[in-house]
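A.B. asks: If you read the protein sequences in the order shown, they are chains L and Z. So for the first sequence, the working numbering puts the first residue at 3; every next one is plus one. So for the second sequence, the working numbering puts the first residue at 4; every next one is plus one.
Incorrect hints may appear among the rest.
Think about it this way: if two alpha-carbon atoms lie no more than 25 Å apart in a straight line, the pair counts; the simulated BS3-like pairs of lysine-lysine are [stated by the list, open to error]:
(1) Z:Lys61 / L:Lys291
(2) Z:Lys254 / L:Lys110
(3) L:Lys16 / L:Lys110
(4) L:Lys291 / Z:Lys240
(5) Z:Lys240 / Z:Lys254
(6) L:Lys289 / Z:Lys76
(7) Z:Lys214 / L:Lys110
(8) L:Lys8 / Z:Lys240
(9) Z:Lys133 / Z:Lys76
Anything over 10 Å on all C-beta distances counts as not near chain Z; from chain L, calculated [said to hold, decoys possible]:
(10) Glu44
(11) Ser51
(12) His82
(13) Gly102
(14) Arg105
(15) Leu107
(16) Ser113
(17) Leu146
(18) Asn162
(19) Asn292
If you're looking for bench data, these hints aren't it; they were derived computationally from the structure. Glycine included, C-beta positions come from ideal geometry on N, C-alpha and C.
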Amino acid sequence: MIQLLKIEIFKIFKRPRTYIAFAVIALIIILIQIALKFGGKEYVGLMMSGMGDSFEEIPSKIILNGYLVCFVILNLLLIHIPILVALVSGDSIAGEANMGTLRLLVSKPVSRIQLLIVKFTASVFYTMILLIWVAVLALFLSILLFGVNWLGVPRELQFNVMESDDVLWRYALAFCFAAIGLICVSSLAFMLSVFSDNSIGPIVITVCVIIVFTILTQMQIPFYDETIKPYLFTTHMLGWKGFFYVKAIDGVTEKGSIENFPAIIKSAAILIGYTAVFLGTAFWYFKRKNILS
Amino acid sequence: MSSIIDVSGLTKSFNEIIAVDNLTFTVIENGVYGFLGQNGAGKSTTIRMLLSLIRPTKGEIRIFGLDLFTHRKEILQRIGAIIEKPDLYKYLTAIENLNLFATMSGLKLKRKQLMDKLEKVGLAERADSKIKTYSQGMKQRLGIAVALVHDPDLIVLDEPMNGLDPQGIADIRQLINHLSKDQGKTVFISSHLLSEMEQVADSLLIIHKGKKIAEGNMIELLNPEQSRIEVETRSAKEFELQLKQTDWTNKIISINGQKITMQMKREEIPSFVQQMAEMKQDIFSIHKKNSLEDYFLSLTSH
Chain L
3 MIQLLKIEIF KIFKRPRTYI AFAVIALIII LIQIALKFGG KEYVGLMMSG
53 MGDSFEEIPS KIILNGYLVC FVILNLLLIH IPILVALVSG DSIAGEANMG
103 TLRLLVSKPV SRIQLLIVKF TASVFYTMIL LIWVAVLALF LSILLFGVNW
153 LGVPRELQFN VMESDDVLWR YALAFCFAAI GLICVSSLAF MLSVFSDNSI
203 GPIVITVCVI IVFTILTQMQ IPFYDETIKP YLFTTHMLGW KGFFYVKAID
253 GVTEKGSIEN FPAIIKSAAI LIGYTAVFLG TAFWYFKRKN ILS
Chain Z
4 MSSIIDVSGL TKSFNEIIAV DNLTFTVIEN GVYGFLGQNG AGKSTTIRML
54 LSLIRPTKGE IRIFGLDLFT HRKEILQRIG AIIEKPDLYK YLTAIENLNL
104 FATMSGLKLK RKQLMDKLEK VGLAERADSK IKTYSQGMKQ RLGIAVALVH
154 DPDLIVLDEP MNGLDPQGIA DIRQLINHLS KDQGKTVFIS SHLLSEMEQV
204 ADSLLIIHKG KKIAEGNMIE LLNPEQSRIE VETRSAKEFE LQLKQTDWTN
254 KIISINGQKI TMQMKREEIP SFVQQMAEMK QDIFSIHKKN SLEDYFLSLT
304 SH
């Protein structure tokens, strides 16, 4: 099994297209960092407007540090990274069918279930490497460029402040949560890949689902808030932000606290549930699939 | 000799369409078993069922005496296959492709061992070139190396000569003969190239619209009782006059320019050839007309 997994990972990282995602992420993150380096003062001003007079006296240099830059990047990127994840997961089985190699793989003395486990694990491995790449660039490069200080996270009519020694563990958990969300997207693209003999279809459908669900998630319509939003996986993918929402007593934030930890756990559980359904469907179908490609 | 493949009552339908209809056949070990049929006759579907790529609607497949569905892994461990064209990973080199499929067959080969296998198909010098730079013939040879990398007992080839030039076809024919005659492997091969099949196959299975229409030893199937001989001479008329003085005259079917066509029993052919030599006629060619192609068309053209 380990040998088969090594083969799959080898195949993924031997394809030039695999590196497109890494290049795109690096480009976007660096562009954001350049923008904040040279136009950060205005950005912070905009962010703090409406937060009250007490915040206006804080120099933007303090607010605009590596932790905030990372938060801004994640806020912008974590909805788009799934699209890049779909490039590899959607190609996983359908790409083999398209190349004509699926029939060769399935006629080898490896069970279909084993083959799918190895393929999905390789996709997850790629997703994790991509996430680590994001973490290195968004967090560590931002810390290097902007330094560290306390982290201020703006919310509706609130501004959650965390001391600098109360931030890194939150990022660690936020990245772990993001991993669960990305694995969920990966399993969706993987499931669609099993149904198709052409990798374009699963990739495009996954991207469309993400776009439509994200629009629905962000629409401020009370009817959707109760009927649709709680069931969309994209709603729960935003759960990582919960690690940066802290409890406050008399306007003073409580160090090491998380405002609504059960909600984060619930979102993670829903994402894991979706992943199980997507994978279960993929395994059920692939075991019976006639390989005609 | 024991049977390698035992298929009984094999049926596959795709919705309303029956691709393979109650097919039963047996492949005996150590020989080349030709599998013939027109396009859409159900050859590829049958081969895919033998390799567990397609689930049969009905029927039983036993290979090496084991049921395919309960002993899939053990059986596939002993089969090497090329299914239609040998599609491999174009972005990988030949040695990477070979190593990858060797690993999938449970082998851990060193570079030298892989190079030896590539050497056998004449690709050692291009071992580190990416497949996208290969010609069709080279891809086919690499496909064969991949199919044989784990030294299988049964080799299944689905249209292995498709897209090859004459030299490539000759190489494949030579390889099939080598595998069967020298190494004692069993080869199950489907092909559209009937003349090639006639040269390599010991036994034949012919299917038409999913059903078996003929099966057996090649010589028996090609109806030795009624061989048609076409003789090309300097003058067919002159030759006919000579033949009229013998009993062979009754065997003449037609005369066309320099060619004279006759019908006789297979065992009569040697004495006929001997008598022709005695007649001192200028013979340019003698061609046996009831080829596999004639036989195949007689079965499938109606």
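A.B. asks: Name the hints, by number, that the structure is in violation of.
C.D. replies: 2, 4, 7, 8, 9, 13, 14, 15, 16, 19
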